[in-house]
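Keeping their order, the protein sequence lines are chains A and B. In this text, residue positions in the first sequence follow the numbering used here: the first is 1, and each later residue adds one. In this text, residue positions in the second sequence follow the numbering used here: the first is 1, and each later residue adds one.
Hint data in this document are derived by calculation from the structure and do not stem from the laboratory. Some clues are possibly wrong.
Copies of the same chain look alike in the list, so a pair counts if it fits in one copy or across any two.
Here are the simulated lysine-lysine pairs, DSS-like style, with alpha carbons at most 27 Å apart [unchecked claim]: (1) Lys58 - Lys72; (2) Lys49 - Lys21; (3) Lys16 - Lys49; (4) Lys16 - Lys58; (5) Lys9 - Lys21; (6) Lys29 - Lys58; (7) Lys58 - Lys21; (8) Lys9 - Lys29; (9) Lys72 - Lys49; (10) Lys14 - Lys58; (11) Lys29 - Lys16; (12) Lys29 - Lys14.
There are 2 protein chains.
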Amino acid sequence: EAWEVIEYKRIERKFKFNDFKEALDFTVKVGELAELEGHHPDIMLSWGKVVVTLTTHKIGGLSENDFILAAKIDRL
Amino acid sequence: EAWEVIEYKRIERKFKFNDFKEALDFTVKVGELAELEGHHPDIMLSWGKVVVTLTTHKIGGLSENDFILAAKIDRL
Numbered sequence: 001e002a003w004e005v006i007e008y009k010r011i012e013r014k015f016k017f018n019d020f021k022e023a024l025d026f027t028v029k030v031g032e033l034a035e036l037e038g039h040h041p042d043i044m045l046s047w048g049k050v051v052v053t054l055t056t057h058k059i060g061g062l063s064e065n066d067f068i069l070a071a072k073i074d075r076l
Numbered sequence: 001e002a003w004e005v006i007e008y009k010r011i012e013r014k015f016k017f018n019d020f021k022e023a024l025d026f027t028v029k030v031g032e033l034a035e036l037e038g039h040h041p042d043i044m045l046s047w048g049k050v051v052v053t054l055t056t057h058k059i060g061g062l063s064e065n066d067f068i069l070a071a072k073i074d075r076l
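Just chain A, same shape as in the assembly:
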């Protein structure tokens, strides 16, 4: 899975897991990273799946911060 650009306004990546617990643990890791970075994604958590969406609300589109956080999420 890769980051997809949606309407040139946000990037989104889907992560798959073996169960709900693994998906929840990943959500927590992404959330803690977001707190450290001071930049917050939308996170859709469901059984075995997490979808992370990044955008910069202040400018209504994508900024460097989104790509920095995306790269750090990829390294989790």
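Since chain A is already given, all that's left is putting chain B on it; use the hints.
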């Protein structure tokens, strides 16, 4: 905010918080409760907001399990 029935197939409730961290902590509580119950919601986490959606995939609609979990989430 109350639980809303969507298309007679799922129930959904929005929870508001003061920041991302509080919303993340609530997501973890709901997730841990879901693991205990063996019934798993979809959870949409964003800054200051969590939307919990409950349905029973096996029957493609609502079952008693959804309302039991909804009541327990209300008591978190």
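So, going through the hints one by one against the coordinates:
{"no.": "1", "hint": "Lys58 - Lys72", "result": "within (21 Å within a copy, 36 Å between copies)"}
{"no.": "2", "hint": "Lys49 - Lys21", "result": "both (10 Å within a copy, 21 Å between copies)"}
{"no.": "3", "hint": "Lys16 - Lys49", "result": "both (5 Å within a copy, 23 Å between copies)"}
{"no.": "4", "hint": "Lys16 - Lys58", "result": "between (30 Å within a copy, 20 Å between copies)"}
{"no.": "5", "hint": "Lys9 - Lys21", "result": "between (30 Å within a copy, 24 Å between copies)"}
{"no.": "6", "hint": "Lys29 - Lys58", "result": "within (24 Å within a copy, 30 Å between copies)"}
{"no.": "7", "hint": "Lys58 - Lys21", "result": "between (33 Å within a copy, 19 Å between copies)"}
{"no.": "8", "hint": "Lys9 - Lys29", "result": "within (24 Å within a copy, 31 Å between copies)"}
{"no.": "9", "hint": "Lys72 - Lys49", "result": "both (19 Å within a copy, 23 Å between copies)"}
{"no.": "10", "hint": "Lys14 - Lys58", "result": "both (24 Å within a copy, 23 Å between copies)"}
{"no.": "11", "hint": "Lys29 - Lys16", "result": "both (15 Å within a copy, 21 Å between copies)"}
{"no.": "12", "hint": "Lys29 - Lys14", "result": "both (15 Å within a copy, 23 Å between copies)"}
Of the numbered hints stated above, none is contradicted by the structure.
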